[in-house]
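Heads up: the sequence shown begins at 1 in full-length UniProt numbering, then just goes up one per residue.
One or more of the hints may lead you astray.
Distance ranges between label pairs, derived from CB positions [said to hold, decoys possible]:
{"hint": "1", "residue 1": "Asp281", "residue 2": "Asp424", "range": "44 to 50 Å"}
{"hint": "2", "residue 1": "Asp452", "residue 2": "His369", "range": "26 to 32 Å"}
{"hint": "3", "residue 1": "Gly229", "residue 2": "Ala195", "range": "32 to 38 Å"}
In case anyone wonders, no lab produced these hints; they're calculated from the structure.
All C-beta atoms, glycine included, are put in the ideal place defined by N, C-alpha and C.
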Amino acid sequence: MSGELTVTGGKYGLAVSLEELEEGAHVLETVGRDVAETAVHVGATAIDPALALAGMLAPAEYLGAEAAILDCAGSHGAAGVSARVLATAEATRAAVLFYREGERAVEELFDLTVTSVGVTVGASVPTPALAIGLLAPLVPQLPIVGDPISAAALGVGLGLGQEVDELLVDVPGLVPAVADGFDGLIIGLGLGTPALGTWLRWRSGRLGAAYPPRTQQEALQVVLAATDGIALDESDHEVRVVPHPVERGRAPRGVADLVDDSGPTSGGSRVRVIGVPRPDDSWTWVVDVPGTQTFTPQAGKTPWDLTSNVLLAAGRQTLTTKAVARALDDAQQRTGSAGRSRVLLGGRSQGGLTAAALAADPAFRRRFHVTHVVTAGAPVAGLDVPEEVSVLSLEHTEDLVPGLDGADNPDRESWVTVEREVGDVLGPDDGATDAHASEIYTQTAHLVDESDDPSLVAWREDAGDFIDGAGGEPVVIDYAVDRVPITSPAVAGSSP
Numbered sequence: 001m002s003g004e005l006t007v008t009g010g011k012y013g014l015a016v017s018l019e020e021l022e023e024g025a026h027v028l029e030t031v032g033r034d035v036a037e038t039a040v041h042v043g044a045t046a047i048d049p050a051l052a053l054a055g056m057l058a059p060a061e062y063l064g065a066e067a068a069i070l071d072c073a074g075s076h077g078a079a080g081v082s083a084r085v086l087a088t089a090e091a092t093r094a095a096v097l098f099y100r101e102g103e104r105a106v107e108e109l110f111d112l113t114v115t116s117v118g119v120t121v122g123a124s125v126p127t128p129a130l131a132i133g134l135l136a137p138l139v140p141q142l143p144i145v146g147d148p149i150s151a152a153a154l155g156v157g158l159g160l161g162q163e164v165d166e167l168l169v170d171v172p173g174l175v176p177a178v179a180d181g182f183d184g185l186i187i188g189l190g191l192g193t194p195a196l197g198t199w200l201r202w203r204s205g206r207l208g209a210a211y212p213p214r215t216q217q218e219a220l221q222v223v224l225a226a227t228d229g230i231a232l233d234e235s236d237h238e239v240r241v242v243p244h245p246v247e248r249g250r251a252p253r254g255v256a257d258l259v260d261d262s263g264p265t266s267g268g269s270r271v272r273v274i275g276v277p278r279p280d281d282s283w284t285w286v287v288d289v290p291g292t293q294t295f296t297p298q299a300g301k302t303p304w305d306l307t308s309n310v311l312l313a314a315g316r317q318t319l320t321t322k323a324v325a326r327a328l329d330d331a332q333q334r335t336g337s338a339g340r341s342r343v344l345l346g347g348r349s350q351g352g353l354t355a356a357a358l359a360a361d362p363a364f365r366r367r368f369h370v371t372h373v374v375t376a377g378a379p380v381a382g383l384d385v386p387e388e389v390s391v392l393s394l395e396h397t398e399d400l401v402p403g404l405d406g407a408d409n410p411d412r413e414s415w416v417t418v419e420r421e422v423g424d425v426l427g428p429d430d431g432a433t434d435a436h437a438s439e440i441y442t443q444t445a446h447l448v449d450e451s452d453d454p455s456l457v458a459w460r461e462d463a464g465d466f467i468d469g470a471g472g473e474p475v476v477i478d479y480a481v482d483r484v485p486i487t488s489p490a491v492a493g494s495s496p
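Given these sequences and hints, build the entire structure.
Here it is as structure tokens:
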């Protein structure tokens, strides 16, 4: 097992945020004004009539007192301190403003560049290739039937050829850049084929999507508007959640147990909910969300598919998020531990995306006390997970999936991102999709468990109730999740 970890964010990550600098500037300004007011009061004693009257009786002492007062209140005293503190406050504000404006300018320039490239590429797509792309929803379902072909299936599902897949190992930054320019690609397709552009505008207008799109998420909304009723659409389906018998299992003893496909928290293609009774009579809950099982763009029986991926990336609710909520609620009701029991959500790839999307959902957080999220190889940077939820994200530099949202994870105290270069682990003919493999992420998770990086040590301590292996005998419940037509009688009475 090789590869050093690069850790960003966390308790010992970014030294100080811009918001904290702004708050510090406000405190400095308040202190500076208070000191200035003190200087005025001290200076006023120099012209106090009582002091002048006393000076007539002791002129030498009077002159000494006057000098001391002026020294205390003047440029070398309170007034000077006040001026320097206020100047520091203003300089801090100016630095924050300068940094923000510079950062905004760089981001706008980069966005403009990648969008322009996307427009150019989209406008140059030949009509035959475009026709093939439009027929893609008609291709047969492509299931993932096992680890030996999972990487190949992922590559096909993302439309990658072997050459491109291998290229992305050497140029990992290409995927985030292309993803960030997806709005430009959609615009370019409409410009290159005007009839398509007119149709996209019409479809988008019918369903309330912005056209032309200005962001990746808006571009995905346009795609969903275009495919509505044809593909990437589960609106005429419901979810069926069937619990399996309650079992006894082992509590996780580290991050690796949360990531390993054969670990105690993994339910395979099912949602697994593990409840651990704690010594203080409380419960902790670990929910493992499955990853992508099929890449068909048509909503079928398996909800862990391309449809759910695109819907989640577009900021939509999915049947998979509804299924996880039902499963967790059922498990808590069975054990009588419903309430404010602490919850950790985790998953790899689509599972991590679903977990983070649930943590970002205010309605879900009102129902369940989500405190931690663990993701592996998931594009979660664009999700608005609140700061009170602690996130640990594992990402491989050569893995294309985490970069599909075209953004970096937040650099903050409650979000730790662990990056690892795995090029030396991959074989000579392996590509970017191979860097997404579960077993390699499990290796990375073991490195996280062994790391003495202070931010990782702090995260493990904070998540101790979930990964210390302590507590009573865990309750383990697996839930089979199917997507079924709304008219199907199988929906009624079969979900918890």
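Against the structure, the hints come out as follows:
1. Asp281 to Asp424: 44 to 50 Å: Once the Cβ atoms are compared, 48 Å apart, the range 44 to 50 Å for Asp424 and Asp281 holds.
2. Asp452 to His369: 26 to 32 Å: holds (30 Å)
3. Gly229 to Ala195: 32 to 38 Å: violated (20 Å)
Hint compliance for this structure: hint 3 is the single one not met.
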